[in-house]
Amino acid sequence: MSLFNQDFLSRSFPSQNRSTTPYTAWTYVDQFDTDLWTHSGGDNTVSGGELNSVLQRAQHYSYYDIKGSAFSDTSWVMRVTARLSSVSITANPNITCPMGLRDVTTGTGSAADYIGIGPFQVAAGTWDGAEGDGVSMQSAQGAAVTGAVYTGAETRYLQIIRQSATLTDFQVYEDSDFSTLDNEALSHTTPSTNDGLRYAFIGGRNDAASETNTCTVHYDDLRFEDATTTPPSDA
Amino acid sequence: MNLPMFDQSKVKEQSFEGEAVRLSNEFRSKPAKTIIDSDGIRQDIPAKIGFDVETADFNIIKNWILTSKKQSDSQIAFINRILTVRFPTEYAGLRNEILTDYRDEYELIQSEGKNDIDFFGRTGFQNNVRLDGSLTEPGRELIIPRNGKISIRKK
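Protein chains in written order, with the working numbering: chain B, 1 to 235; chain A, 1 to 155.
Calculated directly from the structure, the hints in this document are not laboratory data.
Zero decoy hints are in this set.
Facing chain B, from chain A, some residues (calculated, C-beta under 10 Å):
#1 Arg-22
#2 Ser-72
#3 Glu-137
Every residue, glycine too, gets a C-beta built ideally from N, C-alpha and C.
Please model the entire structure based on the sequences and the hints provided.
In structure tokens, the structure reads:
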């Protein structure tokens with residue numbers, strides 16, 4: 001009798017994709033298989049294994065208490081896959097839908113502490129850091145410009161590292177191994193009073209009264225590690 | 001005593017000294033300024049009255065501790081370390097004004113205080129904010145590699 005089931009030799013298996021990578025080294029992971037998020041407004045949904053944000057109206061947002069308590073005020077790491085499927089930049093003003101951590105779950109127009117990264121478009125589109133210390137998200141965007149430009153649909157791998165109470169790195173990578181930077185990594189001075197960050201948060205901002213700019217971004221493989229500046233292995 | 005002004009050329013460094021510079025800058029006065037934001041809208045940012053931690057009077061710093069509305073743990077630890085180095089006698093006299101749950105830290109700061117930029121800047125890094133261990137996450141270590149850029153990793 002064979003030790004192995006010979007049937008396996010002829011059986012086909014589904015190919016592994018990003019959404020099935022277990023990320024076992026990470027403590028806090030959301031691959032959006034089920035919807036654990038609270039949504040305000042109708043622009044954000046969890047479906048198809050992604051958090052989908054179709055941003056065309058102001059102040060729609062979603063959050064998830066992924067840890068159950070605040071992250072360290074001096075060190076944490078976030079990685080997320082961001083797939084832009086459509087971008088329409090027809091006018092200035094701004095539109096953005098970043099992913100990050102926030103200290104409250106109130107609307108994006110309320111004062112809050114916030115650190116995030118995501119697509120940002122004015123006259124052009126760039127992957128930017130977003131940061132606010134006791135301000136609305138409307139005031140928080142574009143605080144840290146990475147210079148990584150997008151012109152249409154693309155997938156990028158975004159990383160935030162809070163290096164210390166006053167220093168945050170925003171990085172945009174071209175590959176899922178986080179080895180090739182889209183542009184220069186950015187170290188940004190962060191107020192140490194930007195603290196008590198607890199909720200994974202995606203919040204939209206659109207200043208356009210006419211709402212002519214639109215942006216559709218799909219987030220996947222969101223993971224956090226607390227109290228470290230060294231990303232765990234993604235294996 | 002006054003301290004020499006911190007070296008602003010270190011402000012971008014991922015080091016104890018860089019952290020001390022950045023934390024000290026959070027206390028300084030800032031002039032009013034006007035910016036044109038990315039929407040093309042003018043924003044007038046009012047001046048902020050602050051102080052230089054290296055030279056400010058004891059009572060000015062003490063007043064910040066007592067009245068500032070938003071304070072980070074790193075700021076509190078940083079300014080207490082500044083006080084114990086610059087004003088050891090006056091700082092020792094504050095014992096009855098220190099909150100009970102900060103009193104252990106207050107005494108540790110006095111016993112371990114030294115006029116060293118690293119002593120000040122440590123307060124911005126994981127497991128180094130407080131000496132009493134109350135904000136310590138077990139299983140983490142601070143690494144200073146050859147390039148000098150501090151990192152925190154799991155043991």
